[in-house]
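Engineer: Listed here are the chains, written in short residue letters.
2 protein chains.
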Amino acid sequence: MDALDGRLIDLFATDPRIGVLEASRRLGVARGTVQARLDKLATSGVITGWGPELSPEALGYPVTAFLTLEIRQEPSRGGHDTVGAHLAAIPEVLEAHTITGAGDMLARVVARSNTDLQRVIDRVLETSAIVRSSTVIALATQVPYRVRPLARTVTDPQLTQHG
Amino acid sequence: MDALDGRLIDLFATDPRIGVLEASRRLGVARGTVQARLDKLATSGVITGWGPELSPEALGYPVTAFLTLEIRQEPSRGGHDTVGAHLAAIPEVLEAHTITGAGDMLARVVARSNTDLQRVIDRVLETSAIVRSSTVIALATQVPYRVRPLARTVTDPQLTQHG
DNA sequence: CGAAATACTGTGCAACCTGTCCAACATCGG
DNA sequence: CCGATGTTGGACAGGTTGCACAGTATTTCG
Numbered sequence: 001m002d003a004l005d006g007r008l009i010d011l012f013a014t015d016p017r018i019g020v021l022e023a024s025r026r027l028g029v030a031r032g033t034v035q036a037r038l039d040k041l042a043t044s045g046v047i048t049g050w051g052p053e054l055s056p057e058a059l060g061y062p063v064t065a066f067l068t069l070e071i072r073q074e075p076s077r078g079g080h081d082t083v084g085a086h087l088a089a090i091p092e093v094l095e096a097h098t099i100t101g102a103g104d105m106l107a108r109v110v111a112r113s114n115t116d117l118q119r120v121i122d123r124v125l126e127t128s129a130i131v132r133s134s135t136v137i138a139l140a141t142q143v144p145y146r147v148r149p150l151a152r153t154v155t156d157p158q159l160t161q162h163g
Numbered sequence: 164m165d166a167l168d169g170r171l172i173d174l175f176a177t178d179p180r181i182g183v184l185e186a187s188r189r190l191g192v193a194r195g196t197v198q199a200r201l202d203k204l205a206t207s208g209v210i211t212g213w214g215p216e217l218s219p220e221a222l223g224y225p226v227t228a229f230l231t232l233e234i235r236q237e238p239s240r241g242g243h244d245t246v247g248a249h250l251a252a253i254p255e256v257l258e259a260h261t262i263t264g265a266g267d268m269l270a271r272v273v274a275r276s277n278t279d280l281q282r283v284i285d286r287v288l289e290t291s292a293i294v295r296s297s298t299v300i301a302l303a304t305q306v307p308y309r310v311r312p313l314a315r316t317v318t319d320p321q322l323t324q325h326g
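From first to last, the protein sequence lines stand for chains E and A.
Position 115 (the first sequence) corresponds to 115 in this note's numbering; numbering is contiguous.
Position in the second sequence (first residue = 1) + 163 = this note's numbering.
To be clear, the hints were calculated from the coordinates, so they are not data collected in a lab.
Covered, in the sense of this in silico footprint (three residues per stretch, anywhere, with C-beta under 8 Å from a C-beta of chain A), are these stretches of chain E:
#1 3 to 13
#2 44 to 57
#3 60 to 69
#4 91 to 100
#5 105 to 113
#6 129 to 141
#7 145 to 155
Just so you know, these numbers come straight off a predicted model, no measurement behind them.
Positions of the beta carbon are idealized from the N, C-alpha and C atoms, including for glycine.
Start from the sequences and build out the full structure, keeping to the hints where you can.
Structural biologist: Take a look at the structure:
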């Protein structure tokens, strides 16, 4: 990751439709350089994919909520992996992580409405491996998910301010 | 969104590098159909972008945490928008939402290490509009962020189980 | 410092893909 | 039955890709 990689990522993030050739023109470098950089960024794992980004809202799921789940401690009937597999089978669960705290998990779910959210939560709680849960509903998004500003800190370390 | 749209999204999610022509071959439809479908999916907002997906981990930020922020109620010195703008200026804040509860927000942040997380949190708390905060650290990811299973429920409603 | 390794450039080529038309046919709802 | 809409197969020019090569810069390391 140097400044050219950063500009390359910015370029493709802003204008994903452009190809390698157009990118090389805009960056003022040879086409082969752009190809090599992209290959390296993909190999090193910085770029994980080029797939289409889907909007749950446009798919009819405008309600987002975060569930904090307390997991049963007994290994035979609980465990994070059990719950993880359970959650992975529910389409409305967009992501789930284990977090610090007494055997807890945090899951992001979406639903068709506030009413529909109840159905989703019920489905999440279907497993006996979950002891308790609490829900917060996302009302608005102040900062939409983004990684680009972070990528800039890698090439411009002065952006990493120390409070 | 019908079954063909679903297969189209699956196809491009699995193999983003293929073009319209190759997609039409694999789906057994005319090229113009694929182009028309993609245009419509983009226009309707289901597909929001084709940009490269970046891995914070590969960029050197392997630690993810969720901050719950309590916002000061006085309009002059607090407010969600004030905090939202503040958070948006911090690269390590990957997303932020207002949530149900007493004037709270939820923010996802990343850091270079657990130690570095303290710096990020300090920077988040630099504004006087935030009264209090609590942090949970994500230890592992059971379900990585995904929307594809959700897209399937739109074309295959029986996947939407009722508990 | 000097040499090796690595990266970048500019170029060329064949093969392929895209964007954009078009006429004809199929499907669906009224 | 009609119209609206979507699909098909085809065509075209122009652009793009993947690959290769030699030559030149730049970096790395003894």
